[in-house]
Amino acid sequence: MTDKILRPLPATDRDTLPFWTGGKDGRLLIERCNDCHHLIHPPTGFCPQCEGRDTAPHAVSGRATIESFTVNHKQWMPGLTVPYVLALVALEESPEVRLATNIVGCAPHEVEINMPVTVRFEQVDDLWVPLFAPISASVEHDA
Amino acid sequence: MTAYAEKETAITGIGQSKISRGADKSALGLTIDAALEAIADAGLTRAHIDGMATWPGDRADGSGFSDVGIPALQDALRLKLGWYSNAAETSGQFGALFNAIGAIASGLCRHILIFRTMYEATARKAGFANALNRPGDRVRGPFAWYAPYHTYAAAAQQALMFQRYVHESGIKPEQVAQIAINGRRNASRNPAAIYRTPIDMDDYFASPIISTPLRLFDCDVPIDGSTAIILSHIDAARDGPHPVTHIEAIGSSMQYRNSWTQLDALATQAQPKVAQMMWNRTDLKPADVDVAELYDGFSFHTINWLENFGFCGRYEAGDFIGDGSRIALEGDLPINTNGGALSAGRMHAYGQVHEACVQLRGLGGNRQVNGTPRVTALSTAGGPLAGCFLLVRAN
Ligand SMILES: [Zn+2]
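Protein chains in written order, with the numbering used here: chain A, 9 to 151; chain B, 398 to 792.
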């Protein structure tokens, strides 16, 4: 699936930049507390579990489960390829960390709640946008 | 019962501009129409208004989401204020109302003009563009977590929550459809509604899918229009021309993560604790509610509120709605009696506040519910936003 229009990109700051650039090295970076290992998302530099301030980007497995999804049919913008799947996925390491994403690597009608997925990245300008594909899907650069 | 602040207040006046899909006045002009009507309805003059509140305040971004703020209206009407509040970061769209309650209870003012103005129909015709559709601009704030995934509207975010609700509850599309069908049936009796031609099940299923499981008829209608409310101290309200309409209890809590992606409970959104707070501040029970004006930015919101208010059990809304007869004007619990946002236009539940007062005063005409309604439940917002309250007409 090749989108004809570019993905709108997020503004980044020192807290969020690791998340949006970790894909350069193939890594999904989630902020983690160095004291109690709690995963913190969105990144804030503060651990809500132990109140620690010693946090750092941490590479997680990239495996996740689809908590919910929607197949978008409306062409909101000229050039937007529809349908496409928007989803919320929960990380294997911590269901508390939920990411919005697109599901790629399968047909929209094949997507289901609770489906296991794994991360892949799409570079847009200076950022690497995390996308997810079914774990059963062949690894190909079709994002 | 504790003397909560809201019990010192009452809605004394309501006003509404013409609601349309393309106004022949500016957004400020519509707001002045609504404000003057509400002030007169309360039996007051501009000189009595000593406070103002709105949600979310002037965004000045051309989207039409909120083109009029307090400075513009205060100056146009030459109001002399002891207090005002325009704030987006409140407990949902009713935050303006909740702030006003606090101002009255603390003695800062007596009569507060509250308004909500939308100018989205005109803005869309003008081709409004924001960072999402201007290549090169970076998206800031909470939406930045969604934007890279081609999420251009609240519909897609809400569809994610709706899908999770469908998964957990097993609600049937035919039951969801009744929210839209009921709204349109009621709108057919409301001369001010945008869409007035009744729809049936076939029409609902013929309407295009926006983002599964949301269809077009599940989504509210962008409009140009303004609604105004006068909130007064209860002592002053007793001097007004209408039966006193008490604010009985409010629910405004934020006990979940305030995030569109990290919200604790996807399927039920932020509403359960808000409703619980409201019921904790009154002796009334869900069974006491005569009419419910339940937010319908999307039909899913209304379904959620039926459960979260306790009109039925968790995941029982589908069966509660059934063939739609229970929620119809003649039913046990009439909802969205003016057509709601789905058919009467998107006013972020301020239209529903207006309609609740119309029903409590018995002025609904063709759409007036049976008997003499005394208690209405009102709600607004979805996702991490939520607010609700009870209105009770004095005997
Ligand atoms: Zn910690």
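The set of hints was computed from the structure by calculation and includes no laboratory data. Since this is a predicted model, take the numbers as computed values, not measurements. For every residue, glycine included, the Cβ atom is placed at its ideal position computed from N, Cα and C. Be a bit skeptical, because a hint or two may be false.
List of simulated lysine to any residue pairs, SDA-like, C-alpha gap at most 20 Å [stated by the list, open to error]: (1) K82/A <-> K682/B; (2) K82/A <-> A603/B; (3) K82/A <-> F525/B; (4) K82/A <-> F602/B; (5) K569/B <-> E120/A; (6) K82/A <-> P610/B; (7) K82/A <-> P605/B; (8) K82/A <-> T609/B; (9) K569/B <-> H117/A; (10) K82/A <-> S604/B; (11) K32/A <-> K522/B; (12) K82/A <-> A551/B; (13) K82/A <-> K522/B; (14) K682/B <-> P619/B; (15) K522/B <-> L37/A; (16) K522/B <-> M85/A; (17) K82/A <-> R723/B; (18) K569/B <-> Y92/A.
A few chain B residues facing chain A, derived, Cβ under 8 Å [said to hold, decoys possible]: (19) P545; (20) A556; (21) Y592; (22) A603; (23) S608; (24) M651; (25) N655.
On the chain A side, residues computed to face chain B include the following (Cβ under 7 Å) [said to hold, decoys possible]: (26) L47; (27) V112; (28) V119; (29) M123.
Hints and how they fare:
1. Simply put, K82/A and K682/B have alpha-carbon atoms about 41 Å apart, too far for the 20 Å limit, and the pair is violated.
2. About 15 Å separates the Cα atoms of K82/A and A603/B, which keeps this hinted pair within 20 Å; it holds.
3. The hinted pair formed by K82/A and F525/B meets the criterion: a straight-line CA distance of about 18 Å does not exceed 20 Å.
4. Straight-line distance between C-alpha atoms of K82/A and F602/B comes to about 16 Å, which keeps the hinted pair within the 20 Å bound.
5. For the proposed pair K569/B and E120/A, the alpha carbon gap of about 18 Å is at most 20 Å, so the pair holds.
6. Note on K82/A and P610/B: the hinted pairing holds, with a Cα-Cα distance of about 12 Å set against a maximum of 20 Å.
7. Using a Cα cut-off of 20 Å, the hinted pair K82/A and P605/B holds, with the two alpha carbons roughly 9 Å apart.
8. For the hint pairing K82/A with T609/B, the CA-to-CA distance comes to about 10 Å; that is within 20 Å, so the pair holds.
9. Annotation: proposed proximity of K569/B to H117/A holds, straight-line Cα distance about 19 Å (limit 20 Å).
10. Taking the CA atoms of K82/A and S604/B, the gap is near 12 Å; set against the 20 Å cutoff, the hint holds.
11. A distance of roughly 41 Å separates the Cα atoms of K32/A and K522/B; the hinted pair therefore is violated under the 20 Å criterion.
12. As the CA atoms of K82/A and A551/B are separated by approximately 13 Å, the hinted pair is consistent with the 20 Å bound.
13. Restraint check for K82/A and K522/B: the C-alpha separation of about 18 Å stays at or below 20 Å, so the hint holds.
14. For the proposed pair K682/B and P619/B, the alpha carbon gap of about 34 Å is over 20 Å, so the pair is violated.
15. Taking the CA atoms of K522/B and L37/A, the gap is about 42 Å. The hint is violated against a cut of 20 Å.
16. For the proposed pair K522/B and M85/A, the alpha carbon gap of about 15 Å is at most 20 Å, so the pair holds.
17. For the suggested pair K82/A and R723/B, the alpha carbons sit about 33 Å apart, so the restraint of at most 20 Å is broken.
18. Taken as a hint, the K569/B and Y92/A pair is broken in the structure, with Cα atoms around 24 Å apart against an allowance of 20 Å.
19. Annotation: interface hint on P545/B holds; nearest CB of chain A at approximately 5 Å, less than 8 Å.
20. This hint holds: A556/B has a C-beta 4 Å from the nearest C-beta of chain A, less than the 8 Å allowed.
21. A distance limit of 8 Å between C-beta atoms decides the matter here; for Y592/B the minimum to chain A is near 19 Å, and the interface restraint is violated.
22. Interface hint at A603/B: violated, since its Cβ lies 14 Å from the closest Cβ of chain A, which is beyond the 8 Å cut-off.
23. For S608/B, the interface hint holds, the least distance from its beta-carbon to any beta-carbon of chain A being 4 Å, beneath 8 Å.
24. Contact between M651/B and chain A, as hinted, is not supported at the beta carbon level, the nearest pair being about 15 Å apart and thus beyond 8 Å.
25. For N655/B, the interface hint is violated, the least distance from its beta-carbon to any beta-carbon of chain A being 12 Å, above 8 Å.
26. Against a cut-off of 7 Å between C-beta atoms, the interface hint on L47/A is violated, since the closest Cβ of chain B lies about 12 Å away.
27. The closest approach between the C-beta of V112/A and any C-beta of chain B is roughly 11 Å, which is over the 7 Å cut-off, so the hint fails.
28. Violation of the interface hint for V119/A is found here, the shortest Cβ-Cβ separation to chain B being roughly 10 Å, above the 7 Å cut-off.
29. A distance limit of 7 Å between C-beta atoms decides the matter here; for M123/A the minimum to chain B is near 12 Å, and the interface restraint is violated.
Violated hints, listed in ascending order, are 1, 11, 14, 15, 17, 18, 21, 22, 24, 25, 26, 27, 28 and 29; each of the other numbered hints is respected by the structure.
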